[in-house]
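These protein sequence lines are chains A and B, in that order.
Each step along the first sequence adds one to the number in our numbering, with nothing skipped, and position 61 is 61.
Each step along the second sequence adds one to the number in our numbering, with nothing skipped, and position 77 is 77.
Hint data in this document are derived by calculation from the structure and do not stem from the laboratory.
Incorrect hints may appear among the rest.
Pairs of lysine-lysine residues, derived as DSSO-like cross-links and limited to a Cα-Cα distance of at most 27 Å, are as follows [unchecked claim]:
#1 50(B) with 149(A)
#2 330(B) with 50(B)
#3 15(A) with 50(A)
#4 38(B) with 149(A)
#5 138(A) with 170(B)
#6 138(B) with 50(A)
#7 138(A) with 311(B)
#8 326(A) with 50(A)
#9 15(A) with 38(A)
#10 227(A) with 149(A)
#11 227(B) with 149(B)
#12 38(A) with 138(B)
#13 170(B) with 322(B)
#14 321(A) with 170(A)
#15 170(B) with 38(A)
#16 149(B) with 149(A)
#17 50(A) with 311(A)
#18 311(A) with 170(A)
#19 50(A) with 227(A)
#20 138(A) with 322(B)
#21 170(A) with 50(A)
#22 170(B) with 15(A)
#23 227(A) with 311(A)
#24 38(B) with 50(B)
#25 170(B) with 15(B)
#26 138(B) with 138(A)
#27 227(B) with 170(A)
#28 15(B) with 138(A)
#29 311(B) with 227(B)
#30 311(B) with 38(B)
#31 170(A) with 326(A)
#32 15(B) with 50(B)
#33 170(A) with 138(A)
#34 15(A) with 138(B)
#35 170(B) with 138(B)
In this text the structure is predicted, and so the values were computed from the model without any measurement.
Number of protein chains: 2
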Amino acid sequence: MSDYDFSQFSCPLPKTDYQTIQMAHGAGGRLSADLIEKVFMPVFENSTLKQLEDQATLRFAGQPLAFSTDSFVVSPIFFPGGNIGELAINGTVNDLCMCGAVPQVLSVGFIIEEGLPIADLHQILLSMRRAMDQAGVKIVTGDTKVVNKGSCDKIFINTTGIGIIPDGVKISAHGIQPGDKIILSGTIADHGMAIMSVREGLSFETTIQSDTASLHQMVAEMLNVSKEIRAMRDPTRGGLATSLNELAQASGVGIEIIEDRIPIREEVHAACEILGIDPLYVANEGKLIAFVPSDIAESVLRVIRQNPLGKEAEIIGEAVKKHPGKVVMKNIYGVDRIIDMPVGEQLPRIC
Amino acid sequence: MSDYDFSQFSCPLPKTDYQTIQMAHGAGGRLSADLIEKVFMPVFENSTLKQLEDQATLRFAGQPLAFSTDSFVVSPIFFPGGNIGELAINGTVNDLCMCGAVPQVLSVGFIIEEGLPIADLHQILLSMRRAMDQAGVKIVTGDTKVVNKGSCDKIFINTTGIGIIPDGVKISAHGIQPGDKIILSGTIADHGMAIMSVREGLSFETTIQSDTASLHQMVAEMLNVSKEIRAMRDPTRGGLATSLNELAQASGVGIEIIEDRIPIREEVHAACEILGIDPLYVANEGKLIAFVPSDIAESVLRVIRQNPLGKEAEIIGEAVKKHPGKVVMKNIYGVDRIIDMPVGEQLPRIC
Chain A
1 MSDYDFSQFS CPLPKTDYQT IQMAHGAGGR LSADLIEKVF MPVFENSTLK
51 QLEDQATLRF AGQPLAFSTD SFVVSPIFFP GGNIGELAIN GTVNDLCMCG
101 AVPQVLSVGF IIEEGLPIAD LHQILLSMRR AMDQAGVKIV TGDTKVVNKG
151 SCDKIFINTT GIGIIPDGVK ISAHGIQPGD KIILSGTIAD HGMAIMSVRE
201 GLSFETTIQS DTASLHQMVA EMLNVSKEIR AMRDPTRGGL ATSLNELAQA
251 SGVGIEIIED RIPIREEVHA ACEILGIDPL YVANEGKLIA FVPSDIAESV
301 LRVIRQNPLG KEAEIIGEAV KKHPGKVVMK NIYGVDRIID MPVGEQLPRI
351 C
Chain B
1 MSDYDFSQFS CPLPKTDYQT IQMAHGAGGR LSADLIEKVF MPVFENSTLK
51 QLEDQATLRF AGQPLAFSTD SFVVSPIFFP GGNIGELAIN GTVNDLCMCG
101 AVPQVLSVGF IIEEGLPIAD LHQILLSMRR AMDQAGVKIV TGDTKVVNKG
151 SCDKIFINTT GIGIIPDGVK ISAHGIQPGD KIILSGTIAD HGMAIMSVRE
201 GLSFETTIQS DTASLHQMVA EMLNVSKEIR AMRDPTRGGL ATSLNELAQA
251 SGVGIEIIED RIPIREEVHA ACEILGIDPL YVANEGKLIA FVPSDIAESV
301 LRVIRQNPLG KEAEIIGEAV KKHPGKVVMK NIYGVDRIID MPVGEQLPRI
351 C
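So here's chain A without its partners, still in its complex pose (with noise of 0.2 Å):
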């Protein structure tokens, strides 16, 4: 091993806050941002890496194409409205959607605790069979790795993922424009709060379902309506706000939303106040938002309204030049409050 010339590549260790990690270090706000700048990208560092996308553009042999990858450790492994497997397929593909890719094929890494049922692995595995159906996907690789019992909690899945990026599209985080309008797809906080009602053991005249569900057939009817759509993000871990401040920081504009128009079920509401907790933060797991130029906006929502998955679709605010980076919610009495990235986690394991 002596004689090859490993790289003597280095880095100092970097001050952060915290000398160990903190379960908010992966709950997609403020410390988790601090851990990828801080700690992994002056290690890592590289072009792409660098764009913060939600998923990698790659390209071979002149073909652009999508590449994305996520763990999901969500608990309960089953909740209302689906499991962790379903979870793994939608989650990836979705992230795979936010840049316009017609996702493809998807690898799947499994750690599983012994002692897991084998009922509930196969009820999984029809979950996830179902979800890629319904999104046009296979699995083509795969890796299953088995831990003591006690060394994790049940099943962990990783998915990921490529697609193939259509010629003329350009979606990017980077690319919103000031003036451009938010759709977003539908109601807020269904996933988070149904793993929360849960877990806290709520019950509520209807059962809160998780929203998880692939946006792929969606994008596709979007994108044939325009391809200038500037910018995509599926508001999942952090939620609606926090998918807002990445793009605001991103494309550098300031971002404008109006309280009342942002949909929310009223069980959801209700569970939100029982728990204390900001619906704009919870997770989401079958939304987007989309930022597109004002003059198609009316038209790009009205094929989001007729998709099955976007009824309940509105327009909730605008790219502004003011406050650059920041996002601004006016209520129903005009008045102004900034949305803060969160710093830490309410939610954890949500995915």
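We have chain A; now place chain B onto it with these hints.
Using the frame of chain A, we list chain B on its own:
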């Protein structure tokens, strides 16, 4: 959601020997094969996955690509000769190389236990970066999850990679012909016994070091000599014995190896004796086996030996017509012994 025509795919709960996941299901032996065949395959079934290669071969815009995933759960995360970080890079790089692909990009998914020292994470990242520089690959997209203390064991890492398969290269587990020679690139069982020695607190005159290394350069040099390499594997989990059994079964040939020709370090041999472990079944992380037509075997062996990682390479046997699907080892007294697929694990969480 009910408007969507969700696929109704179903298949019955498989009959398996165990009702819950056993450590042996993750050990790469017969129970692993069982889990894949009976539980995963009937649900995920598709023609690419069915090949049971260590990587999928895809084609985008006419360009053949290799796609491979691996999760790493090794314990301890730091061990003589390496850590989980470089293992995660080298492991996926090697899986890509084994079909002749030139590794290009990786994704990485971290699952980190609350409380992991940032200094440990930093050291792991530095090792990953050095291994990537070495192998000429980059991480272009990633994901980080944090789970509460006790819900995972320090850190798990998934890496998924894409490589370019050069024109004219067709290496496959199914391509072996009777008469092909088997080249092993160096000593066996170093990685597994490095881990076991630490766990068991064994000490020898020389510390047993993991052989974790990227084989991309060796493979490039081999393909430079001839593109007629039929099959390659990196004998990781389950060791040389498991890889040979898988290849014998995939190609429908018999395999004969000569015990005396299999290189093994003295201290590794001693550790195996003490722990009662057969080195044929112990994981390697920087070795390959190659099946090549007999007329090019010597020239391929020569370039392998010129590589610093292949100095101890040997021709250890050949593929034969008799006993298809079976591996037989001859000892120095001319006695034959069937080298079977292991049922379960000797060594859990080795990678």
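A quick look at each hint next to the structure:
no., hint, verdict
1, 50(B) with 149(A), "violated, 30 Å"
2, 330(B) with 50(B), "violated, 32 Å"
3, 15(A) with 50(A), "holds, 20 Å"
4, 38(B) with 149(A), "holds, 23 Å"
5, 138(A) with 170(B), "holds, 23 Å"
6, 138(B) with 50(A), "holds, 12 Å"
7, 138(A) with 311(B), "violated, 41 Å"
8, 326(A) with 50(A), "holds, 21 Å"
9, 15(A) with 38(A), "holds, 8 Å"
10, 227(A) with 149(A), "violated, 50 Å"
11, 227(B) with 149(B), "violated, 50 Å"
12, 38(A) with 138(B), "holds, 18 Å"
13, 170(B) with 322(B), "holds, 25 Å"
14, 321(A) with 170(A), "holds, 22 Å"
15, 170(B) with 38(A), "violated, 43 Å"
16, 149(B) with 149(A), "holds, 14 Å"
17, 50(A) with 311(A), "violated, 35 Å"
18, 311(A) with 170(A), "holds, 26 Å"
19, 50(A) with 227(A), "holds, 25 Å"
20, 138(A) with 322(B), "violated, 37 Å"
21, 170(A) with 50(A), "holds, 17 Å"
22, 170(B) with 15(A), "violated, 49 Å"
23, 227(A) with 311(A), "holds, 22 Å"
24, 38(B) with 50(B), "holds, 12 Å"
25, 170(B) with 15(B), "violated, 36 Å"
26, 138(B) with 138(A), "holds, 25 Å"
27, 227(B) with 170(A), "violated, 39 Å"
28, 15(B) with 138(A), "holds, 25 Å"
29, 311(B) with 227(B), "holds, 22 Å"
30, 311(B) with 38(B), "violated, 41 Å"
31, 170(A) with 326(A), "holds, 24 Å"
32, 15(B) with 50(B), "holds, 20 Å"
33, 170(A) with 138(A), "holds, 25 Å"
34, 15(A) with 138(B), "holds, 25 Å"
35, 170(B) with 138(B), "holds, 25 Å"
Going down the numbered hints, you'll see the structure goes against 1, 2, 7, 10, 11, 15, 17, 20, 22, 25, 27 and 30, while the others check out.
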